[in-house]
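Protein chains: 10
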Amino acid sequence: MRPLFVLIKCEMGRAYETAREAVDRIPEVSEIYSISGQYDLLGKFYLEPGDDPGLFVTEKVQGLPGVKDTFTLITFNAFAGGGARGGDR
Amino acid sequence: MRPLFVLIKCEMGRAYETAREAVDRIPEVSEIYSISGQYDLLGKFYLEPGDDPGLFVTEKVQGLPGVKDTFTLITFNAFAGGGARGGDR
Amino acid sequence: MRPLFVLIKCEMGRAYETAREAVDRIPEVSEIYSISGQYDLLGKFYLEPGDDPGLFVTEKVQGLPGVKDTFTLITFNAFAGGGARGGDR
Amino acid sequence: MRPLFVLIKCEMGRAYETAREAVDRIPEVSEIYSISGQYDLLGKFYLEPGDDPGLFVTEKVQGLPGVKDTFTLITFNAFAGGGARGGDR
Amino acid sequence: MRPLFVLIKCEMGRAYETAREAVDRIPEVSEIYSISGQYDLLGKFYLEPGDDPGLFVTEKVQGLPGVKDTFTLITFNAFAGGGARGGDR
Amino acid sequence: MRPLFVLIKCEMGRAYETAREAVDRIPEVSEIYSISGQYDLLGKFYLEPGDDPGLFVTEKVQGLPGVKDTFTLITFNAFAGGGARGGDR
Amino acid sequence: MRPLFVLIKCEMGRAYETAREAVDRIPEVSEIYSISGQYDLLGKFYLEPGDDPGLFVTEKVQGLPGVKDTFTLITFNAFAGGGARGGDR
Amino acid sequence: MRPLFVLIKCEMGRAYETAREAVDRIPEVSEIYSISGQYDLLGKFYLEPGDDPGLFVTEKVQGLPGVKDTFTLITFNAFAGGGARGGDR
Amino acid sequence: MRPLFVLIKCEMGRAYETAREAVDRIPEVSEIYSISGQYDLLGKFYLEPGDDPGLFVTEKVQGLPGVKDTFTLITFNAFAGGGARGGDR
Amino acid sequence: MRPLFVLIKCEMGRAYETAREAVDRIPEVSEIYSISGQYDLLGKFYLEPGDDPGLFVTEKVQGLPGVKDTFTLITFNAFAGGGARGGDR
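Chains as they are written, first to last, in my numbering: chain F, 2 to 90; chain C, 2 to 90; chain B, 2 to 90; chain D, 2 to 90; chain R, 2 to 90; chain S, 2 to 90; chain Y, 2 to 90; chain P, 2 to 90; chain V, 2 to 90; chain W, 2 to 90.
These are computed hints drawn from the structure, not numbers from a lab.
Errors might be hidden in some of the hints.
[Unchecked claim] Derived EDC-like pairs: lysine to aspartate or glutamate, alpha-carbon spacing no greater than 20 angstroms straight-line:
1. P/K69 with S/D70
2. F/K69 with B/E18
3. F/K10 with V/E22
4. C/K10 with W/E12
5. R/K10 with B/E18
6. B/K61 with B/E22
7. P/K10 with P/E49
8. C/K61 with W/E12
9. R/K61 with R/E12
10. W/K69 with P/D70
11. S/K61 with S/E22
12. P/K61 with S/E12
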């Protein structure tokens, strides 16, 4: 399964509420990061091969409280890290 | 360790060359994704707590062949996915 | 007939509702795609040669529920795909 | 098969050369449209389910003569036109 | 007299209403075009040499129903078309 | 015939050279205006109904000396000025 | 004393009201110009050396009726015009 | 006479050279300010009523050494400062 | 401890209120500057090594009255000023 | 003395070289931070009251090796941190 990344802009003061809600409500969540820059959160989700990313983002991510805007990044190919610290932990 | 995400814009036609070089040369690579949108690659790196992300991006990521611009996203907090599909694989 | 493409930005959580409404209400719809990136939908429409694209977008597309903004792409010339997979299906 | 759309910005005066080259060289081309607005061309491609859109755009589309920048739009779901003029021709 | 061009962004679904109102209410209108792209209308107006374009746009154009934003293009010099189809009709 | 408008950005110091060349070389020119703002020139052209605006802009306008970028505005509908000063002169 | 320039974006139809209010209420006004482009007004103010430009803009300029946004341009050095028309009038 | 304002972006390290050249070469200069923000200089010029601002900016301002881009702000109306510090000095 | 910088955009006329509130309410404040440009304030904060910058900005900075948007700049490395005026005062 | 902040964009791979050069060459440096986001460095400088910030940035900062663009933030007022961790260290 390839991850789907979604950049999430939240209403002022609500980013961490949104993140907690995402983790509680959305089983597809792998990780949600609060991040620096113009957006507040970077969500990493794993969808089933048959799932529709557009429907998922529209209904599940944009449906979270405090979400003001989203930008979906589709991953095409993953070049796994072969180095000493390669892979997730 | 918290991951560091870097959005990478490459010169025309060189994104996959850059990605392969990153995986070969940079031990800190966890994953490199080719992605849709304005940037070509999304790099996920794990740095040692003492490492300087700025120096890392400047020397290791921007030093890769074909890199035209980078935008560093620092992760502050990771809200691990508790749901059925939570966590990476 | 040459297609008219319209990029559509929707209110949070309403993109798929808007898409379904478009298909139901607008006979000129060829296809509506939910897409990655800054906009939510890419609409492909076939208008009669005499139709006014501006009026069509203003009244029919912007009139759909949940539409927040539109960007009209006029096609000038279609270079049909001559290759093995050329043409639509 | 779902189409892949790519917005293409060309060097001054070369858009139609690029379009003709695309149609000649790339079997995945369904249609290439010259369009109004900030980009010069909108390419519609059909890829095999196993194909990597990122590799395709990087090597085949960005490899065309005169290409200055590209923006890939991934289609998630196609809401087929049910109306009188629905579907492509 | 040199024309004044104003790009006009309208509220969703109201561009043609705004255009008709402009033609009815504003004697300085030469032509109003509905256009592709980010703005909805391109207005071409002829002002008397003594007229203040800023006051005109503020009161007459921005006063039209449905106007959300305007961008004024002042023409400095007109290089009349000398060719076969030069000049307006 | 409906006019085609093209916003033209020129290399530093060359806008008036470009404008004069356009008037001399391109019979479709109705008027070229030097304008305020981000672009240098606003070209107004009349094309034959069968002409391809994309090919025209690519070959004739972008082919002019000193042209750095263009943005094509397609006019859909013209709401002729009915007022005292309506129409061109 | 060196002037302070402030670009002012106003609510639709209110720019001239804002300008008149500025001239009436703010003694530091040197001139207010209605201008072409994305902003509506360019204000030129002379502050006492001890005055705080930030406080001045926040309270006096942003406090005017109809002001929607401001962009402050601080002048560092003035290269006085030595030519025939140098200097203000 | 109404002033013409031009925002000027210069090549790295050359803004003050450009400003000095402007003052020396261009009699229409009233003042040139080095400023904060995205542009380097704000030029204030007085043109004769018959002068063409577009030609002036293209030939005289863009012709200065080190100029990389310009944005012309046309002043429509000047609301003279009536207050204690009104007017230029 | 490395400082955290946050660019803060405020509602019209409230920047100095926001700044005063920040100094009163937030012990992590080192300095708040009112600044020129698109944002109104630049906040400099010192967080404990264990503090989460994202949570801090979301709850403490975005929680201030009058805050409309924030952009967080994470400092990676500080190159202390070795010159005559190096270091803060 | 009030600090001057300058956001600095560097050529790929040269940000840390530029930072070290700044510290070595420019006595006005208080601190240079490598930062996340669109710019690479945030420079904090203390100028003498009589110094011209524009000249300083143009000659000293833009004169550094590897500098591609700069954005100057002028500080108007400093609201010193009164809290437990207020002030720099």
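Hints, verified against the model:
{"no.": "1", "hint": "P/K69 with S/D70", "in the structure": "holds, 15 angstroms"}
{"no.": "2", "hint": "F/K69 with B/E18", "in the structure": "holds, 18 angstroms"}
{"no.": "3", "hint": "F/K10 with V/E22", "in the structure": "violated, 25 angstroms"}
{"no.": "4", "hint": "C/K10 with W/E12", "in the structure": "holds, 14 angstroms"}
{"no.": "5", "hint": "R/K10 with B/E18", "in the structure": "violated, 25 angstroms"}
{"no.": "6", "hint": "B/K61 with B/E22", "in the structure": "holds, 11 angstroms"}
{"no.": "7", "hint": "P/K10 with P/E49", "in the structure": "violated, 25 angstroms"}
{"no.": "8", "hint": "C/K61 with W/E12", "in the structure": "holds, 14 angstroms"}
{"no.": "9", "hint": "R/K61 with R/E12", "in the structure": "holds, 17 angstroms"}
{"no.": "10", "hint": "W/K69 with P/D70", "in the structure": "holds, 15 angstroms"}
{"no.": "11", "hint": "S/K61 with S/E22", "in the structure": "holds, 11 angstroms"}
{"no.": "12", "hint": "P/K61 with S/E12", "in the structure": "holds, 14 angstroms"}
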